[in-house]
Amino acid sequence: MSKSILRKEKVADALNALGHASIVYIPIKNKRGLVEYRELGKEASVADIKLDCKPDVPPKAIMFPQTQVLFAFKRVGGKIKLAPTVPDEREKIIFGVRPCDTIAISVMDKVFMGGKFVDSYYKVRREKVAVFTIACDGPADANCFCPSTGGSPVGTEGSDVMLYDVGDSYYVEGISDRGKKLLEGMSANLERPSPDQEKKRDEIIRKAASAEGFAKRIAPESITKLDSSFDSKYWDDVARKCLSCGACTYYCPTCHCFDINDEKGGKRVRTWDSCQFSNFTMHTSSHNPRTAKAQRLRNRYYHKFKYSKDSTGRYLCVGCGRCIALCPAGLDITKVISEVR
Amino acid sequence: MSGSQAAGSTEQGAASAEAAEKEFEPKIVAFLCNWCSYAGADLAGVSRLQYPPNIRIIRVMCSGRISPMLVLRALKDGADGVLVSGCHPGDCHYLKGNLYTRRNLQLLRSMLEYYGIEADRFQMSWVSASEGGKFADVVKTAVEKVRKLGPNNKFKVIDSADGGE
Amino acid sequence: MSDEKIREEAKKALRERGLKCVIGWSADGTPFFAETEEDADKLSFNEHCANNLVTYLTQEVRSQRGKTRDGKDKIVKPVGIVVRGCDSKALRLLLNENILSRSEVFIIGVPCTGVVDKRAGDVLYRKCVKCAMRNPVVYDVLASDQVPEDEKDYSEVEAIENMSPEERWTFWEEIFADCIRCHACKRSCPVCYCDECLLDPTDVAIRPDTTADEKAHRPRWVERSVNVRENLVYHLARMPHLAGRCVDCGECERVCPQRLPLRLLTAKLEKDVKKIFNYEAACEDGQKPLIAMSKMEDENEFIM
Chain X
0 MSKSILRKEK VADALNALGH ASIVYIPIKN KRGLVEYREL GKEASVADIK
50 LDCKPDVPPK AIMFPQTQVL FAFKRVGGKI KLAPTVPDER EKIIFGVRPC
100 DTIAISVMDK VFMGGKFVDS YYKVRREKVA VFTIACDGPA DANCFCPSTG
150 GSPVGTEGSD VMLYDVGDSY YVEGISDRGK KLLEGMSANL ERPSPDQEKK
200 RDEIIRKAAS AEGFAKRIAP ESITKLDSSF DSKYWDDVAR KCLSCGACTY
250 YCPTCHCFDI NDEKGGKRVR TWDSCQFSNF TMHTSSHNPR TAKAQRLRNR
300 YYHKFKYSKD STGRYLCVGC GRCIALCPAG LDITKVISEV R
Chain R
0 MSGSQAAGST EQGAASAEAA EKEFEPKIVA FLCNWCSYAG ADLAGVSRLQ
50 YPPNIRIIRV MCSGRISPML VLRALKDGAD GVLVSGCHPG DCHYLKGNLY
100 TRRNLQLLRS MLEYYGIEAD RFQMSWVSAS EGGKFADVVK TAVEKVRKLG
150 PNNKFKVIDS ADGGE
Chain B
0 MSDEKIREEA KKALRERGLK CVIGWSADGT PFFAETEEDA DKLSFNEHCA
50 NNLVTYLTQE VRSQRGKTRD GKDKIVKPVG IVVRGCDSKA LRLLLNENIL
100 SRSEVFIIGV PCTGVVDKRA GDVLYRKCVK CAMRNPVVYD VLASDQVPED
150 EKDYSEVEAI ENMSPEERWT FWEEIFADCI RCHACKRSCP VCYCDECLLD
200 PTDVAIRPDT TADEKAHRPR WVERSVNVRE NLVYHLARMP HLAGRCVDCG
250 ECERVCPQRL PLRLLTAKLE KDVKKIFNYE AACEDGQKPL IAMSKMEDEN
300 EFIM
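Residue numbers (numbering that gives the first Met the number 0), protein chains in the order written: chain X, 0 to 340; chain R, 0 to 164; chain B, 0 to 303.
You may find that some hints are simply not true.
[Stated by the list, open to error] Straight-line alpha carbon distances no greater than 30 Å define the calculated DSS-like cross-link-like pairs of lysine-lysine that follow:
(1) B:Lys19 with B:Lys76
(2) X:Lys30 with B:Lys151
(3) R:Lys155 with X:Lys78
(4) R:Lys26 with X:Lys73
Hint data in this document are derived by calculation from the structure and do not stem from the laboratory.
Based on the provided sequences and hints, a complete structural model is requested.
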């Protein structure tokens with residue numbers, strides 16, 4: 000049953016069924032009107048689920064928490080004793096992720112597990128997670144630009160299960176083996192798709208391929224301009240507006256920089272860090288290669304669109320547009336890249 | 000531990016809670032200025048006046064040195080209460096240090112209250128070098144007030160087992 | 000109408016006063032730096048112009064300061080700025096604190112009837128619904144006619160004051176559990192101008208001659224960990240630094256990506272300062288800072 004139909008009124012039952020074996024995260028609207036992922040049953044109830052918009056907060060913290068204790072240490076009788084943290088063994092499902100965020104998860108996988116060195120802390124969390132993606136029907140909001148970064152409103156990369164909104168139900172498709180298995184487990188709530196629903200689903204995919212309706216876009220030729228504009232005065236002009244806060248990086252589904260500190264009580268803690276903070280690149284020697292705001296801002300754009308493309312063949316931006324929506328100074332990544340000179 | 004006891008029998012639970020309350024000995028960080036309050040504390044000691052041993056004294060040159068950060072840090076790191084003591088207004092060795100600190104810390108006290116942290120966890124007093132008796136009284140009152148409030152649990156953080164927060 | 004006046008005055012000042020630039024808003028409401036008279040035609044003011052530009056003003060003036068090779072002070076070209084009522088109060092505070100000098104700035108004031116929150120669906124910002132600082136208080140020219148002021152409204156603060164301590168604690172705990180400490184609040188604050196901030200354990204002004212010892216022993220008032228406790232302390236610790244300085248412009252609340260109601264803190268602070276010390280931040284030119292003053296007759300009741 001890799002292709003089936005889940006009626007919208009049965010979503011609650013299906014989620015509860017999934018919740019028996021795993022922790023399920025669903026997008027809900029919090030008290031301040033932000034849509035974010037919360038744990039079903041503990042912090043959220045099925046009635047609050049909000050699937051008709053792109054969540055304001057990406058699900059990255061589920062796999063890569065903002066604060067993570069790596070281990071604890073204690074001095075016992077003149078010797079240092081380490082206490083490792085115990086990995087959470089429970090299976091996790093993130094339900095209702097948008098394709099941009101799903102792609103972001105696979106981008107993060109490359110960073111933390113793709114190379115020679117595997118980040119065990121990330122891996123142990125990531126491997127427990129299955130992703131149920133909801134395809135977008137065109138741009139989810141005015142800031143979306145995923146087609147410009149190699150994504151698509153119906154992109155399946157990184158998904159275990161894909162859902163398409165076909166009116167009164169979701170057209171459900173198992174992508175990975177794990178996803179197919181999970182679908183078997185919820186077969187009680189699934190039905191066979193009708194030809195009409197098949198047609199609707201094909202229509203969504205067809206529409207996505209044409210990338211119509213996206214107000215924001217980055218032309219590939221402006222990205223290639225980055226090759227020759229590293230020393231441009233343009234970056235000073237752009238950086239003037241920047242406030243050096245970390246909003247863009249902390250809400251970015253692919254930003255993955257972190258800092259490690261020893262904290263009070265004997266804990267080694269890994270926390271998110273932002274390349275926009277002035278001391279991000281501070282060396283132990285007191286030398287700081289990126290003291291100016293313009294250098295830091297430029298680095299972010301270059302990292303997203305050039306360095307990663309050169310080294311891994313893909314952009315580090317998935318076009319979710321959250322940094323555009325949240326920038327206190329109104330900086331727009333699509334505009335910045337398009338106007339590079 | 001106490002949770003499971005309480006579940007067993009409410010009566011027993013109430014009794015053990017009461018016992019725990021009796022046993023609770025608050026830890027209070029006391030910032031005393033070098034010229035008046037520390038000398039006052041010294042005098043209390045020399046005069047063999049009794050006061051509760053719950054305070055941990057940190058001597059500073061002037062109460063004007065007490066930044067709100069020090070108070071917050073003490074509370075954050077687990078002190079049940081904080082006491083700041085300096086010279087009486089007009090007697091400051093540095094003329095006005097205590098007056099500055101009074102302004103600063105009064106606002107902090109009000110903000111603490113606004114947060115829902117009991118204002119009595121943070122107390123201030125003026126004790127001169129000759130007021131050994133007053134110092135003993137101040138400590139007694141401060142300790143009693145904090146004892147009534149119970150342990151400062153508001154700033155405790157429990158890490159989840161797998162380290163994520 | 001005010002757009003034309005802003006442009007005209009900006010052009011005139013760029014021409015006659017030799018300004019480095021005029022900081023204003025463009026028609027879409029984002030900050031805009033007009034360096035030439037041509038640029039000045041893009042300046043605008045409408046209900047989408049929400050940024051407090053004073054933060055940028057400090058940056059533009061400070062970046063010019065320093066010494067020349069022969070040890071003389073560098074020449075600082077004055078910087079123009081367009082300010083609303085609330086912004087102008089922050090600017091006056093910076094002037095009072097000698098962070099900027101009056102000769103370094105050229106101020107175009109725009110009386111304001113409120114700006115709208117795009118993210119919340121174009122409704123007025125909470126701070127703008129009832130505002131007692133709609134008209135600029137310090138300016139060289141005004142771009143439009145003054146508008147009537149409202150009475151300052153502290154009802155939201157009072158509602159929290161009336162809760163029980165436990166309720167208050169849960170109220171704030173729930174709010175700060177959501178803070179992710181992106182530092183947008185302090186970075187955007189017009190009166191937070193320190194190079195080094197004690198609220199970020201890694202944000203320390205390190206020079207080549209800073210010793211390893213100095214770096215290692217810097218107190219960590221707030222840890223890098225993001226949890227309710229550290230977040231509470233972070234937000235609580237900002238307050239004493241803003242006592243008698245915060246003008247309640249609401250920039251921190253506006254920029255917060257998590258939409259935390261941070262003005263509930265600054266408004267309370269302002270209310271306390273008024274009530275206890277009968278002091279109001281930036282209410283006159285040349286005012287002394289609250290914390291740098293002391294009076295024998297200050298309230299003493301809370302002291303044993």
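Now the hints, each set against the structure:
1. B:Lys19 with B:Lys76: holds (5 Å)
2. X:Lys30 with B:Lys151: It holds: about 26 Å lies between the C-alpha atoms, which stays within 30 Å.
3. R:Lys155 with X:Lys78: Since the Cα atoms of Lys155 of chain R and Lys78 of chain X sit roughly 27 Å apart, the hinted pair holds (cutoff 30 Å).
4. R:Lys26 with X:Lys73: holds (23 Å)
Violated hints: none; the structure is consistent with every hint.
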